[in-house]
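Chains L, X and F are the protein sequences, given in the same order. When the first sequence is numbered by the numbering used here, its final residue is 337 and no position is left out of the sequence of numbers. When the second sequence is numbered by the numbering used here, its final residue is 414 and no position is left out of the sequence of numbers. When the third sequence is numbered by the numbering used here, its final residue is 377 and no position is left out of the sequence of numbers.
This list has only true hints and no planted wrong ones.
Incomplete in silico selection of chain L near chain X, CB under 8 Å:
1) Pro221
2) His223
3) Leu224
4) His226
5) Ala227
6) Ala230
7) Asp231
8) Gly232
9) Ala233
10) Ser234
11) His241
12) Pro245
Keep in mind that the hints were calculated from the coordinates and are not lab data. Just so you know, even glycine gets a beta-carbon here, dropped at the ideal spot from N, CA and C.
In case you want the letters, here they are:
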Amino acid sequence: MIPTAQLRPHRPAQPMFYLAPALILLAVFFVAPILVNAVIAFTDMGPNLRVGTLTVENFLRIVQRDARLPLVLMTTLIYVAATLLLFNVGLGALLAIASTAIPDRLGNLFRGLWLLPRMSPAVLYGILWIWIADPSPSGLLTMVTAPLGLPSVNLRNDFPLLLIVLANGVVGASFAMVILTASIRAIPQHLSHAARADGASEWGVLRHVVAPALSAPIRVVTLYQALSLLTTYEYILLITGGGPVYDSTPYALYIYRRAFESGAYGYGAALALGLMAIGVALTLLQWRVSRMHATFAAPKIEIL
Amino acid sequence: MARITLENVSKSWGETQVLQPMNLEIAEGEFVALLGPSGCGKSTTLFLLAGLYAPTGGTIAFDGHSVNRIDTRDRNVGIVFQSYALYPNLTVRQNIAFPLRFKSMPRDEAARRVTEAANLVQIGALLDRRPAQLSGGQQQRVALARALVKEPNVLLLDEPLSNLDATLRTAMRAELKSLQKRLGITTLIVTHDQIEATTMADRVICMNAGAIAQIGSPADLYRRPNDLFVAGFIGSPPMNRLTATASDRRAQIGTTTLALSAGHDGDITLGIRPEDIALVAPEAARLVGEVAVIEPMGREVFYTLSTSAGALNVLEHGETARHALGDRVGLTCKPGLPLVFDEQGRRIADLSVDLSPVALVSAGQLEPQS
Amino acid sequence: MANHALVAVPSTDWARLERRGLVNRTGLLTAVIVFLTVVSMPLLLPYLWLAVKSFTTSDDRIGHLVLWRVGLIAVLAYAGALILALSTARLRHPALLWFALAAVVVLLTAVFVLPHLTLANYRFLWHRDIGETGTSRQDLMPSVWAALTSSLLLAVAQTTLVMLTATPAAYALSRFAFAGRENLLRGLLLLHAFPALALTVAIFVQLHYMGLLNALPGVVLVMSALELPFAIFILKGFFDTVPWDIEMSALTDGATRSQVFRLIVLPQVRGGLIAVATFTFLRGWEEYVFVQTLLIDKSQMTMSLYLFYVAQDSMGADYGMVAAVGMVYLLPVLILYVFTQKYITQMNFGGIKG
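Isolated chain L (complex conformation):
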C-alpha cells in the first residue's frame, strides 16, 4: 500500500468559475433577447410596447402583403453581392497582395491607411460620405468633377445604392486585407524562391505560389463578410437613412425602420427572425468550409 502524500489539500480549478461571468452576461443580454424576439414576433406589439394578442399575423404579412419586401430583397442582393465581390474580397485581396509586394514599411503605411475607415467612428465616417456626395459646390466629388466640366451628381438621391456599396466597401476591404496579408506572410519564403529559380516571373509567383495559398482563406473571408454585410446597417442608416424612400434599404435596415420608424415592433421582430435563420444557416455552412479542428482541439492537460 503506497501512502498518498497529501501536503496540502488540492482544490481543483473550477471551469465554471472562469466561465460563469461571461455566461451570465450572455444569457441575460444576448440569449434572452433572442427569446424575447421570438415571442414578440408572435404579438401585435406596437408603439406603446403592450402585448395585445398572440398572433401569426406578422408572418402572414411578410409572405402575403408586404409590397415593399421584394424591392428590399432585391436591394439586399445587389448591395451584398456588389460590396462583397468588388471590395470586401476583391479590393481586400488586391491591397493585401500589393502591400506585401513593396518594402515592408511602405506596405504597413498603406495597410494602416486602409484601416483608418474601420477605426473612424461610424457617425463621423457617415458625415464624410455625405460631404463627398453633396451635390453643392462644396461637395468633395463636385470639387473634383467640376473643373473637368462634368455635371454634378446627387449620389444620395440618384445613385443611393452605389453610395452605400462604396461606403461599406471601403471599410470592408480592410478585413480581407488583414487576413490575407497574414496568409501571404505565412507562405514559406523558400516556395517563392523555388518558383523564381524555376523560371517564374513575379506574375508566375503570384499565380502559382500566392494564389493557391489564398484560396482557402478567401473562401472563409467571403462567407464571413457576406454574413456581416447582410446583418449590419449602421453606415447606411447614417448616410442615406435607407432612402430615398426605400431605395437603399437592405433587409437588416428594413427591420430597424419598420420597428423604430413605424413603431411596428411585432412586425420588426418577425422580420428579424428571418435574418437570424439566414445567419445560422451561413454559419453552419462556414463550419463546413473552414477547418475547425484547431478550434475544437482537446486540451492537453487533463487535470484541473
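Given chain L, put chains X and F in place with the hints provided.
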C-alpha cells in the same frame, strides 16, 4: 554548365555585414561544397548565386558575363532547398514540370523530359501523388528532379540531406555524387556536415564568420588546415589543442618539454588529431597522461586522458579498452602529424613537434600492453 | 537527361536578359506603388477635407484654396519621402535630407496655409452657445465635455466588463478539459456570427421592462454582451498559441492551474489582450445604433449623438463646426490607433486563419 566567378562579392543587411568581400572561381562541371557552421554566410552565398539576394558589392559572373543584373528566372539555375519547397497544391508530375511552363516547349517534349528526370532520380512510379503523400526521401528526389528538368547551368543544393535520416543520407550522398559526375553540371552544395562536404565534393570551401577560411581538397583541409578554425571544424572527434610556449627549438607543454622541428619563439598551439595518437607504455613516450574517461564506441574506444598540459582525446582501434581508468599511459604520434599554430591561430607550415616514441634499451617494451 | 551535355546550348543574350530584369524589378515596384497611391488617395482626401474645414472659416473659397494647397504639399512630401526611402542605401547623408524635406514642408505650410487658418470652429470647446443664438440652448445640447465624458465612460466601462469576463472564459475554453466544452464552443461560435443588430427591437423591449432603458449602464451591459463572443474567440485564439510545454512545466514546478493562468499564461498573451481591449474600446467609443435607440435622454448624450445632432442642426449646419467636432471625436481614436496598430494587425479574427 557554367564557370562561376565571384569577384569581391559582399553582402550586408543594413548595418550588419554578413559576407566579407569574397573571391572565388568554380570550374565548369566542378562539384564544390560550401562548409561552415550555421550563420557563417554559406546559404547567403548560395542565394547570391541564384539571384535571390542582390550583392552589396562585387561581381558575380557566369562564363565571364556579369549576372548581377540578371533575374533569378533568367539565370538558369536549379535549386534544391533544405525543406524541398515542393508546391503543395501540385502533383509530383506538375511539380517537376513546373520549370518547363516558363519555357516555350512542345507539350510532348515537356512530358518526355519530366519522365526522364523522374526516372533519373527513381520516382517514376510516384508521379501522380501529392507532396504531402511522400516520405522525406521521396520529396527530396522530387525536388532534385524539378531542379534538373530544365537542364540548368548551375545546380545549387542548400543543405539537401539534413532532413533525411542517417541511412538515407549515406545512400543519397553516393547517388548525388554519381549523378553529378554523370550529368557534369557545375554544382554547389551548402552544408554544415563535414562528412557530406568531404565525401561528395571535389573541392571544399570552408567558411567562417562571413569569410572564406580555406579552399582546398578534402585531404588538404584535413592535413593542412590554414588555421585553428578549419583544423577544429574538419575531423570528428575534433582535433586536440594544447597550448605551449616555444623558445628556439623547444616547446614547453605543461611540465613536459618537447623538441620542435625548427626554431620558433612565442606562444603556440599544438594540434593533434585523436586518431593520430598511439598509446604506449609511459616510459616509451615523451608525453604521459592518466586515463580519466573510457567510452567504448563499437569498433573504436574513445579515451579522455589528463596530462600536465590539459585534457587530451584519443581514438584507438579495438572493440574493448586496453587500458583501465587511472592507468598511466604514454602518448606518441608519427613525425610530422602534429600541427603547430601561432598566436593568431594560423598554422606554421613545416613546423612540427616531436612526439615520436622514445628509443628504449629493451625494444620489447614498445609493444602495446595487453 | 543523359544527353544533357550534348544539347547545343544557344548562346545567351545577356544584354536582353539584363534589360528584362531591370524592367521587371523597377517596373513592378513602380506599378505597385502607383496603384496603391492612386487607390488610397480618394480614401485620404475626405479626412484631409475634414481637417481643412475644421480650421477654416465657412467661406467655401478659402476652404477650397487651403485644401488644394495642403493637397499639393502632401503630394510633394509623399513623393519626396518615397524617393528618399527608396534610395537611402545610395545616399551619403540620408538624415540630413530627411531634415531638409521636413523643413521644406513646414516652411511651405507656414507660408501658404497657416495664414488662412482659424480656430474659431473649435469655439464649442469653451462656449456652450454653439448656435450663437444668444441662448445657450442647454436644454437641447449638453456641453461637448459632457458628451466626451459619456463616451469615455461608456467605452471604458464596456472594455473593463468585456475583458474581465472574456479573458477567464477564453482561457477555460482553450485550456480546461470539462464536460460540454465542445458544445459550449459551438454555441458561442453561433452567437459570434449571430446578427446582433437584428436584436435591436427585442433589446429595446427587454430593457424597457427591466427599467434599464435610457440609462448608460443598460447600454454598457447590452453592448458588452454583444461583444463577448467576438472577444472570447479572439482571446481563445491567442491562448491556443501559448505552448503547452510551458504550462506543463509550470504545473510540475508546483503551481496550480489558476496560478499558471495568472502568472505564466496571461503575460504571454499581452498582445492579444491589448488588441481585444483596443477593439472593444473603439466599438464603445463609436457606437451609434444602440446609443441612439436606448438612450433617449439628451443629458447622457455621447459623442456620436452629439456629432450627429450638430450635423443635423435644423438651423442650417455650420460645416466648420461639424468638422471641428468630428476632429475632436476622431483624435483619441487616432492616438490609440498609433499605439496599438501593431497589435491590431496581428489579430486572427475569430479563429479565421489561412
